[in-house]
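Residue-level listing of the chains:
Protein chains: 2
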Amino acid sequence: MSQVLSHASLRFALAQLDFLVGDIAGNTAQMMAQAIHARDQLHANVIIFPELSLTGYPPEDLLLRPSLSARVTDAIEQLRSVHGITMVFGLPERGPSGLENAAWVLRDGERIARYVKHKLPNHEVFDERRYFVAGHDACVFDCHGLRIGLTICEDIWHPEPARAAKAAGAELLINLNASPFHVGKAQERLAVVAERARELSLPVLYCNVVGGQDELVFDGGSFALQASGDLAMQAPQFEAGIYVVDIDLASRQLLATTQAQLPDTPASIYQALVLALRDYVTKSGFKGVVLGLSGGIDSALTLAIAVDALGAERVRAVMMPYHYTADISRHDAAEQAARLGVHYSSLPIAAMVEAFSSTLSDTFSGLGRDTTEENLQARTRGVLLMAISNKLGYLVLPTGNKSEMSVGYCTLYGDMAGGFAVIKDVPKVMVFELCRWRNAQATAAGEAEIVPTRVIDRPPSAELAPDQKDEDSLPPYPVLDEILRRYVECDESAHDIIAAGFEAEQVRHVLRLVDINEYKRRQAAVGPRISRRGFGKDRRYPIVNGWTIGK
Amino acid sequence: MSQVLSHASLRFALAQLDFLVGDIAGNTAQMMAQAIHARDQLHANVIIFPELSLTGYPPEDLLLRPSLSARVTDAIEQLRSVHGITMVFGLPERGPSGLENAAWVLRDGERIARYVKHKLPNHEVFDERRYFVAGHDACVFDCHGLRIGLTICEDIWHPEPARAAKAAGAELLINLNASPFHVGKAQERLAVVAERARELSLPVLYCNVVGGQDELVFDGGSFALQASGDLAMQAPQFEAGIYVVDIDLASRQLLATTQAQLPDTPASIYQALVLALRDYVTKSGFKGVVLGLSGGIDSALTLAIAVDALGAERVRAVMMPYHYTADISRHDAAEQAARLGVHYSSLPIAAMVEAFSSTLSDTFSGLGRDTTEENLQARTRGVLLMAISNKLGYLVLPTGNKSEMSVGYCTLYGDMAGGFAVIKDVPKVMVFELCRWRNAQATAAGEAEIVPTRVIDRPPSAELAPDQKDEDSLPPYPVLDEILRRYVECDESAHDIIAAGFEAEQVRHVLRLVDINEYKRRQAAVGPRISRRGFGKDRRYPIVNGWTIGK
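Each protein sequence line maps, in turn, to chains A and B.
The letter at position 418 of the first sequence is residue 418 when you use the UniProt record's numbering, and the numbering goes up by one with no holes.
The letter at position 179 of the second sequence is residue 179 when you use the UniProt record's numbering, and the numbering goes up by one with no holes.
Just so you know, these hints were derived from the structure itself, not from any lab.
Do not take every clue at face value.
You can't tell identical chains apart in this list, so a pair holds if it fits in one copy or across any two.
Capping the alpha-carbon separation at 20 Å, the derived lysine to aspartate or glutamate pairs in DMTMM-like fashion look like this [stated by the list, open to error]: (1) Lys391 to Glu374; (2) Lys391 to Asp40; (3) Lys537 to Asp61; (4) Lys469 to Glu354; (5) Lys537 to Glu124; (6) Lys537 to Glu518; (7) Lys119 to Asp457; (8) Lys185 to Asp264; (9) Lys391 to Asp370; (10) Lys119 to Glu433; (11) Lys469 to Asp370; (12) Lys185 to Glu195; (13) Lys391 to Asp362; (14) Lys166 to Asp230; (15) Lys537 to Asp472; (16) Lys166 to Glu482; (17) Lys185 to Glu505.
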């Protein structure tokens, strides 16, 4: 019951879906439902799913489990039952010399083409050569007289695989992706794929996955380019959906209706964080989230993101005041919780801190106060939040930002306690910008500001000692964040950064803090990567480390 | 001033050294000192250093730092000043198509040969294709008429690189290594290299590094094999040293004096843990270590290892009793601390636990007791140990074993708190065996047993609730450990394990616990890997994970 073309064009459905890694049966069911929807409701001839759609991405060492093949085979059998639409999807499959990152084209129960990814990324967050062997052959299949070439993700970032497809007769290129977000990534992809389209004079359909998976956020943003490199279709970022694009078989021109606007930097980061948190909580089955609300800007932003991700009824905020907590902190925390309508409680920590201090008084006899006492406060708060988490089934959200994670201005098992660190890859300056952006959204919608203005305007303080300000021990955040960006994201040396005009002693101090705090980051909760290099899979440093900062 | 051979043999020195990762200047200085020692004291003609000797192994993302090349160049200039001995060493070096894992042969200031590793491991704990491009050429150099072929580590596990060296004229093969320990690894290496020697009828000199680096333990155990595959020299495991082997230039037979005995399984594990801990503490510059001593066997073993690694004066033990702590636990803990002569103190936790409970009473109103209350006790202990660590500069050692880490029978930020988890890869049954082994050593030396017999004989209990026994919630440890070994180390499925005779419901329960506790392990301290698959770099599982255990 192959579909008959009613007019001289071909309709593609780009299935920008959110899969659950490892849930092959569930992902397959979703694919089948969407294929039937695309066939019956959208009248599509071809549906394109993302890279490794069966397993989700990245499946990591689940790919090593011997029962993988049987599960994939079962899934394929299911998919064979969907007739009347050509399905292009990704799967891991054992080939003659090892596991392959493959794509199948299935039509009316028959496999009509198969492609194996040529370029296996093994840099940044990727470990594909741990699992896969590379393919070397081009793959072109026919669809109503149109010759369609396949490529997978990284392939399109290199000239050779697309050239091979063209040489094999491709008149249009499909690229299946699992391409994670970072700031500006959507623009980078468009530029690279447009170059590929123009170079070969081929239209390209780029289908990406969407959703959060541990530290990675897949932003969707699928698109279609004309052979000229011009944009024919742009799907939105950060939401799942099926996006349709037609090709006129006479002119080989693409026609589409969706023209989503790509969000600007703060909007894209904010939306990435919301999606990442929502997926982490939902896919892990937590009832909701709980966080310590301090009256400071980091927890204020985390709370706003949590409410946008999950709704106020699934979010609890706890203020845990001590002697150094300013009255305006208590007031602003309560104020924000009230504005957002989340459950709010206050649990003073003095009784526990005093009990710890008195228990330790003999051990610490004769020794002065230092950060130990500050850490005791932070860890007491961590224990309270974890107890609430254990009892109520709510996930604790640590509220630390990237600037703090970089220099270790955070307490292991204290403010670092929790399961998903929502803003761990967001530098402090961007924390401010995101709060202002979210407030502007609220104002534009005629609603009250989400983050009270005073929280944004106060000088940041950890409030772990009398009259403490972050800038007593750290450079001003705009300076700190730029030094960190150069060191962590761009691998610049102390020498480079000083040559760029930063104060030498300050640079060496900051770089040294980054280096010696690797042990803290190694025990940190995962959290969404939004930069070109987060503190996760894409920065693998030894803890024991004799590398010196140098001159 | 090339050395003149005084007789018709050639002397090789295998430099089984302990390097500090990243400390290129320090490692180079150590290499120079050892080269001069080997030349002047040992009268060696050739000194062989391990793989990537300049940087230590694995340097991880330090290899991506742009200043790497300049540091390596400086190091080479230093090494050129050592004359009168041929030096074979490993280094990362930029080649025409990327960074290479290379070996140089330097003689009297001149590079006489250069080799690039062919086989780049990217499985288990290795990520070499993240950093390096592979070499394809054989490398053979002449030394007093003997043609010597080079290979690096993984190369020797495959037939091709050694064959290529033989084809290029090699009469003896050198293999530079950074090969990490697991139980039985020394025997595996001997078998593989002997096969290579016999296959090509070539003697082989295998030089390995020694020392702990984060989760990896390099055990040394360098050796030399005759062309027959017979052992000519065996260096000890777990200690640094220079080991000499001569080749008779007429007969091409190796002659050596060192014939170390390889330790048996418990001895090798114990020594690996001691070395790993000593190196972690020393290379990170901690004054000493502190741990919670519960009267149970895990902390007893950890304490014994700590004292063997660092000496009693650098170890502190803290008993932190609560209502559920048995009198014999207090007594046995004090008894062991006294036998070992470590600083011992007791810090009861009731005051803090009660303060937490009372602070949380409103929040928990109407909800029954569950593991929350147990976790509060464990976390209170964690906070106390971390405070001592912060104030005194002592590293906290978590005391959890692999069985607990596998099924999540441990508390995040509680007993999991600390920097180096010494026995995290040791299953519970092996914990018992190690204690008995260590006691037998003490007895054989006429000393008192290190671990009191009652600690070994009591049924294990977390003592977090009245009359609690581990086996109330877990299968007996011999059963649990075997299920875990099959699942975690051998990737067997539930179906396989049940088919092997284990009770179906128990198997599914254990496997499910392993799967859902990935989030805990991800925040765990690093600790030495002693099994074929530890919970570190060699097991990379998603946290958000829809993989089901299956039938």
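Which earlier hints can't be squared with this structure?
Of the numbered hints, 2, 4, 7, 10, 15, 16, 17 do not hold.
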